[in-house]
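Engineer: Please work from the sequences and hints to get the whole structure.
Chains as they are written, first to last, in our numbering: chain A, 614 to 900; chain B, 614 to 900.
No wet-lab data here; the hints were simulated from the structure.
Keep in mind that the hints are not guaranteed to be accurate.
Pairs involving identical chains hold if they fit within one copy or between any two copies, as the list cannot separate such chains.
[Stated by the list, open to error] Within a straight-line C-alpha distance of at most 30 angstroms, the following computed DSS-like cross-link-like pairs (lysine-lysine) qualify: (1) Lys-851 - Lys-864; (2) Lys-711 - Lys-851; (3) Lys-864 - Lys-711; (4) Lys-711 - Lys-652; (5) Lys-652 - Lys-845; (6) Lys-845 - Lys-711.
Small disclaimer: the values here were computed from a predicted structure and weren't measured.
Protein chains: 2
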Amino acid sequence: MLQDALAADAARIQTCLDTHITGETDLSAAMRHALAGGKALRGFLVMETARLHGIEADRAVYPAAGIEALHAYSLVHDDLPCMDDDDLRRGQPTVHIKWNEATAVLVGDALQSLAFEMVLHPDGVADVAARSELGLRLARAAGQQGMVLGQALDIAAETADVPLNLEEITTLQAGKTGALFGWAATAGAVMANADPGPLQNYAAALGLAFQIQDDVIDETGDEGTVGKAVGKDAAAGKATFVSLLGLEEAKSRASDLVEQACDSLSLYGESAETLRHLARFVISRQA
Amino acid sequence: MLQDALAADAARIQTCLDTHITGETDLSAAMRHALAGGKALRGFLVMETARLHGIEADRAVYPAAGIEALHAYSLVHDDLPCMDDDDLRRGQPTVHIKWNEATAVLVGDALQSLAFEMVLHPDGVADVAARSELGLRLARAAGQQGMVLGQALDIAAETADVPLNLEEITTLQAGKTGALFGWAATAGAVMANADPGPLQNYAAALGLAFQIQDDVIDETGDEGTVGKAVGKDAAAGKATFVSLLGLEEAKSRASDLVEQACDSLSLYGESAETLRHLARFVISRQA
Numbered sequence: 614m615l616q617d618a619l620a621a622d623a624a625r626i627q628t629c630l631d632t633h634i635t636g637e638t639d640l641s642a643a644m645r646h647a648l649a650g651g652k653a654l655r656g657f658l659v660m661e662t663a664r665l666h667g668i669e670a671d672r673a674v675y676p677a678a679g680i681e682a683l684h685a686y687s688l689v690h691d692d693l694p695c696m697d698d699d700d701l702r703r704g705q706p707t708v709h710i711k712w713n714e715a716t717a718v719l720v721g722d723a724l725q726s727l728a729f730e731m732v733l734h735p736d737g738v739a740d741v742a743a744r745s746e747l748g749l750r751l752a753r754a755a756g757q758q759g760m761v762l763g764q765a766l767d768i769a770a771e772t773a774d775v776p777l778n779l780e781e782i783t784t785l786q787a788g789k790t791g792a793l794f795g796w797a798a799t800a801g802a803v804m805a806n807a808d809p810g811p812l813q814n815y816a817a818a819l820g821l822a823f824q825i826q827d828d829v830i831d832e833t834g835d836e837g838t839v840g841k842a843v844g845k846d847a848a849a850g851k852a853t854f855v856s857l858l859g860l861e862e863a864k865s866r867a868s869d870l871v872e873q874a875c876d877s878l879s880l881y882g883e884s885a886e887t888l889r890h891l892a893r894f895v896i897s898r899q900a
Numbered sequence: 614m615l616q617d618a619l620a621a622d623a624a625r626i627q628t629c630l631d632t633h634i635t636g637e638t639d640l641s642a643a644m645r646h647a648l649a650g651g652k653a654l655r656g657f658l659v660m661e662t663a664r665l666h667g668i669e670a671d672r673a674v675y676p677a678a679g680i681e682a683l684h685a686y687s688l689v690h691d692d693l694p695c696m697d698d699d700d701l702r703r704g705q706p707t708v709h710i711k712w713n714e715a716t717a718v719l720v721g722d723a724l725q726s727l728a729f730e731m732v733l734h735p736d737g738v739a740d741v742a743a744r745s746e747l748g749l750r751l752a753r754a755a756g757q758q759g760m761v762l763g764q765a766l767d768i769a770a771e772t773a774d775v776p777l778n779l780e781e782i783t784t785l786q787a788g789k790t791g792a793l794f795g796w797a798a799t800a801g802a803v804m805a806n807a808d809p810g811p812l813q814n815y816a817a818a819l820g821l822a823f824q825i826q827d828d829v830i831d832e833t834g835d836e837g838t839v840g841k842a843v844g845k846d847a848a849a850g851k852a853t854f855v856s857l858l859g860l861e862e863a864k865s866r867a868s869d870l871v872e873q874a875c876d877s878l879s880l881y882g883e884s885a886e887t888l889r890h891l892a893r894f895v896i897s898r899q900a
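Structural biologist: Printed below as a string of structure tokens:
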């Protein structure tokens with residue numbers, strides 16, 4: 614049932630993005646390629662927290678599309694040869710493999726612009742103050758104090774003499790994954806001019822659980838199921854939650870975080886049940 | 614006098630950007646490096662058209678900082694080995710030379726986010742509807758229908774069998790240079806909820822004149838004065854306004870465009886004299 618809801622919202626988000634990518638150029642084709650095939654977890658967080666706050670889905674799909682465009686941009690750049698150098702993403706060749714590096718740089722750049730276009734689109738968030746606030750929050754979540762900082766710490770860790778410790782890797786992931794999860798999960802409250810505090814707490818725990826599960830999948834999964842290369846971090850001697858905590862302790866930590874995430878939603882009562890299901894799904898997924 | 618006004622605004626914009634780049638990491642150092650030493654023409658357009666519409670400089674400096682951050686991001690990515698592969702920019706080593714390619718990708722990404730942070734900053738544009746509108750317009754000017762499209766056409770031209778014709782190169786430059794000039798020159802009107810039409814016409818002519826002069830400098834300038842490599846387009850057999858029109862006709866075309874730009878400002882009378890000086894400066898500059 615959660616899977617159906619996820620798939621329905623992902624399709625809706627995809628349609629919204631498709632109608633805003635114009636032209637039949639290499640650039641537009643590569644942008645569509647980069648946006649295809651994801652689970653749209655972050656977009657779903659926007660849609661679901663919007664529902665929780667009584668915001669229409671026709672409106673919420675715009676910021677949902679925005680966060681998916683932003684996430685897709687980060688993946689395209691992260692996969693570049695000078696970054697993580699990955700050939701496979703979501704079971705498909707990465708943009709620089711299917712096209713070339715210049716196209717991958719430009720696709721990522723254009724997807725970041727598209728993210729702000731979607732968040733600031735007047736057909737999306739109705740209240741103009743909330744729209745502007747969401748745009749500002751996205752800029753901060755995405756930038757040098759948020760996601761890009763996490764990426765920079767990750768790249769620096771690859772050439773560091775000493776592997777990161779648990780505190781450092783938690784800081785890294787708070788930027789790399791946590792910032793966008795935080796933006797997405799609080800979007801509904803911001804759209805409704807409500808207190809984003811409880812959803813921020815939910816997102817912080819969820820984001821960390823998500824990243825621990827990513828490390829678990831990287832350790833235990835196979836490339837066919839996961840849709841991208843696995844075991845790269847371990848092979849490179851990079852610290853992960855699994856290498857630092859061991860597999861069982863990492864799983865247990867992720868499970869505790871999911872309970873913590875669910876507890877943050879007590880204020881919302883039964884109406885937040887889908888968000889609780891989502892939290893449990895995040896640590897049960899194998900891809 | 615225009616030079617003094619340009620330098621004063623450039624310093625003010627620089628200070629605004631500096632206070633919003635935090636931390637003492639490679640990332641923040643490289644962001645500051647990428648923002649240093651420019652003429653801040655686009656930022657000046659924002660400041661000057663804001664003055665024209667009675668907007669305080671303390672407010673206008675934020676969107677001015679935003680457009681300079683966006684322009685700086687485009688240069689950092691444009692200089693990458695997979696793009697134009699330039700070692701020198703504004704007389705300094707480019708980011709990927711001074712640091713590395715991964716840092717250059719991330720610096721550009723973070724500068725784009727910073728651009729939207731500045732434009733959407735509540736200390737900047739006071740009217741929230743105008744703020745949101747400027748953010749949306751920036752997303753469109755920067756993205757796949759604006760600047761990035763221009764860049765993609767430029768990259769494609771490098772491997773094309775036939776050099777671009779005048780119409781194609783004009784379309785390319787309308788994206789690559791014109792979109793940001795258009796955003797910057799209309800910012801003052803948008804901030805004041807006034808008709809951006811006349812300033813849009815001014816910007817369209819100015820942007821094209823600017824690009825023709827860039828081609829003239831590339832043909833006639835030396836690296837020491839210009840602060841970056843020159844003559845690359847000619848050496849690569851790429852079409853430029855100079856190769857298509859000849860040097861004298863290109864200069865004459867730029868001069869006509871500057872007159873056209875100045876005529877667009879008739880509505881503003883004497884108060885737009887600085888913008889007219891700026892237009893004449895654009896085609897007299899040697900760097």
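Engineer: If a hint holds in the structure, say so; if it does not, say that too.
Structural biologist: Quick rundown of the hints versus the structure:
1. Proximity of Lys-851 to Lys-864 under the C-alpha cut-off of 30 angstroms is restricted to the intra-copy arrangement: shortest distance 19 angstroms within a copy versus 57 angstroms between copies.
2. Both within a single protomer and between protomers do Lys-711 and Lys-851 lie at most 30 angstroms apart by alpha-carbon distance, with minima of 28 angstroms and 26 angstroms respectively.
3. For a Cα distance limit of 30 angstroms, the shortest separation of Lys-864 from Lys-711 qualifies neither inside one copy, at 36 angstroms, nor across copies, at 42 angstroms.
4. Within a single copy, Lys-711 and Lys-652 get their C-alpha atoms as close as 21 angstroms, which meets the 30 angstroms cut-off; across copies the closest is 38 angstroms, which misses it.
5. Taking the closest pair of Cα atoms, Lys-652 and Lys-845 come within 30 angstroms of each other only inside a single copy of the chain (22 angstroms); across copies the shortest separation is 44 angstroms, beyond that limit.
6. Taking the closest pair of Cα atoms, Lys-845 and Lys-711 come within 30 angstroms of each other both inside a single copy (21 angstroms) and across two copies (28 angstroms).
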